[in-house]
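Novice: The residues making up each chain are set out below.
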Amino acid sequence: MSHNSQHVTIQQATFDVARETTLLLAGNRAVGAVVTFIGLVRDVNEGAAINGLYLEHYPGMAEKEIGRIIEEARQRWGLEAVRVTHRVGNLKPLDPIVFVGVASQHRADAFRACEFIMDYLKIRAPFWKKEQGKKESGELNSKWLDARQSDREKQAAWE
Amino acid sequence: MIYILFFAKYREQLGLAKLELQPASVQSIAELVESLKQVYGDRVSFLNDRNLLISVNQEIATSQTAVRSGDEVAFLPPVTGG
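Order-wise, the sequence lines are chains A and B.
Per our numbering, the very first residue in the first sequence carries number 1; after that it's consecutive.
Per our numbering, the very first residue in the second sequence carries number 1; after that it's consecutive.
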């Protein structure tokens, strides 16, 4: 992979997918395939409406862990560039949370690496979501989301 | 000094985001955990969580990992990013 072709950004501000994709491809002439993933805040979880989502993270470790995951993807597939942007702080339903962009010479590598990076991020990257909902009474309540067994299984399937 | 960080629901349960501990008394994560249980009791009941994650200097660790002065240790609930 060419020099400086891996970017991990954690930020409170929203991101623009077109801009992230442009940055992913900047200065890279060997790209034949680009795959991007965007994760959004859902507006319903298990039947209950979501008012908002608060995302906490471990500054320093979050960037490093995502960097390690990208490195693992590079060992497995031929990649020209990878860009991951993850938001933290207070988000609203349908807000974008995370962008994963992978550029490669061939589409098979790009598709697989993008999925791999998301599957590993879901179970390794130190972020925690606190969902803010509203009870029928109108009262606000918030709870930390539990990790999902399905995410663990999906990651394990790569090993 | 060993620096210990707590995140998300663990921080809320303990009521502290971080602690500092003298290293002389502790050589491994397992010993650190015992020490915390002795001092904080029920407030750190999450240290028994099967799915607890531990990090030392921002890398995933285990209860066998050594700790020394200057290390940053964190106790992390199962993650839910992405």
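I should point out that these hints are in silico values taken from the structure, not numbers from a laboratory.
Heads up, a few of these hints could be off.
Heads up, simulated EDC-like pairs for lysine to aspartate or glutamate below, C-alpha to C-alpha not over 20 Å straight-line [to be verified]:
| id | chain 1 | residue 1 | chain 2 | residue 2 |
| --- | --- | --- | --- | --- |
| 1 | A | Lys143 | B | Glu72 |
| 2 | B | Lys18 | B | Glu31 |
| 3 | B | Lys37 | B | Glu72 |
| 4 | A | Lys130 | A | Asp43 |
| 5 | B | Lys9 | A | Asp16 |
| 6 | A | Lys64 | B | Glu20 |
| 7 | B | Lys9 | B | Asp49 |
| 8 | A | Lys130 | B | Asp49 |
| 9 | B | Lys9 | A | Asp146 |
| 10 | A | Lys130 | B | Glu72 |
| 11 | A | Lys134 | A | Asp16 |
| 12 | A | Lys64 | B | Asp49 |
| 13 | A | Lys64 | B | Glu31 |
| 14 | A | Lys92 | A | Glu153 |
| 15 | B | Lys18 | B | Asp42 |
| 16 | A | Lys134 | A | Glu153 |
| 17 | A | Lys143 | B | Glu12 |
| 18 | A | Lys92 | A | Asp16 |
Computed footprint of chain A on chain B, listed as stretches where at least three residues anywhere in the stretch have a Cβ under 8 Å from a Cβ of chain A [unchecked claim]:
| id | region |
| --- | --- |
| 19 | 14–24 |
| 20 | 31–45 |
| 21 | 71–79 |
Some, not all, of what chain A presents toward chain B, calculated at C-beta under 7 Å [as the list claims (entries may be wrong)]:
| id | residue |
| --- | --- |
| 22 | Tyr54 |
| 23 | Lys92 |
| 24 | Phe111 |
| 25 | Pro126 |
| 26 | Phe127 |
| 27 | Lys129 |
In this text, a Cβ means the ideal position worked out from N, Cα and C, and glycines have one as well.
Novice: Would you mind confirming whether the straight-line C-alpha gap from A:Lys130 to B:Asp49 stays at or under 20 Å?
Specialist: holds, 19 Å
Novice: Between the region 71–79 of chain B and chain A, are there enough contacts, at least three residues with CB-CB distance under 8 Å, for the coverage claim to hold?
Specialist: Answer holds; 5 residues pass the 8 Å Cβ test.
Novice: Holds or violated: B:Lys9 and A:Asp16, Cα atoms, limit 20 Å.
Specialist: violated, 31 Å
Novice: Check whether the Cα positions of A:Lys92 and A:Asp16 lie no farther apart than 20 Å.
Specialist: holds, 16 Å
Novice: Can you take a look at whether the region 14–24 of chain B is actually covered by chain A? Rule is 3+ residues, C-beta closer than 8 Å.
Specialist: violated (count 0)
Novice: Is the shortest C-beta separation between A:Lys129 and chain B less than 7 Å?
Specialist: For A:Lys129, the interface hint holds, since the closest Cβ of chain B sits about 5 Å away, which is under 7 Å.
Novice: Does A:Lys64 pair with B:Glu31 here, judged by a C-alpha cut-off of 20 Å?
Specialist: violated, 26 Å
Novice: Just to be careful, I want the Cα atoms of B:Lys18 and B:Glu31 compared with a cutoff of 20 Å; is the pair within it?
Specialist: Given pair B:Lys18, B:Glu31 holds - Cα atoms ~18 Å apart, limit 20 Å.
Novice: Do the alpha carbons of A:Lys130 and B:Glu72 lie within 20 Å of each other, as the hint requires?
Specialist: violated, 25 Å
Novice: Starting from B:Lys18, check that the Cα of B:Asp42 is at most 20 Å away, please.
Specialist: holds, 17 Å
Novice: Would you check the hint for A:Lys130 and A:Asp43, treating anything up to 20 Å between C-alpha atoms as holding?
Specialist: holds, 14 Å
Novice: Measure nothing beyond the straight line between the CA atoms of A:Lys64 and B:Glu20; if it is 20 Å or shorter, mark the hint as holding.
Specialist: violated, 23 Å
Violated hints, in rising order: 1, 5, 6, 10, 11, 12, 13, 14, 16, 19, 20, 22, 23 and 24; the structure is consistent with all others.
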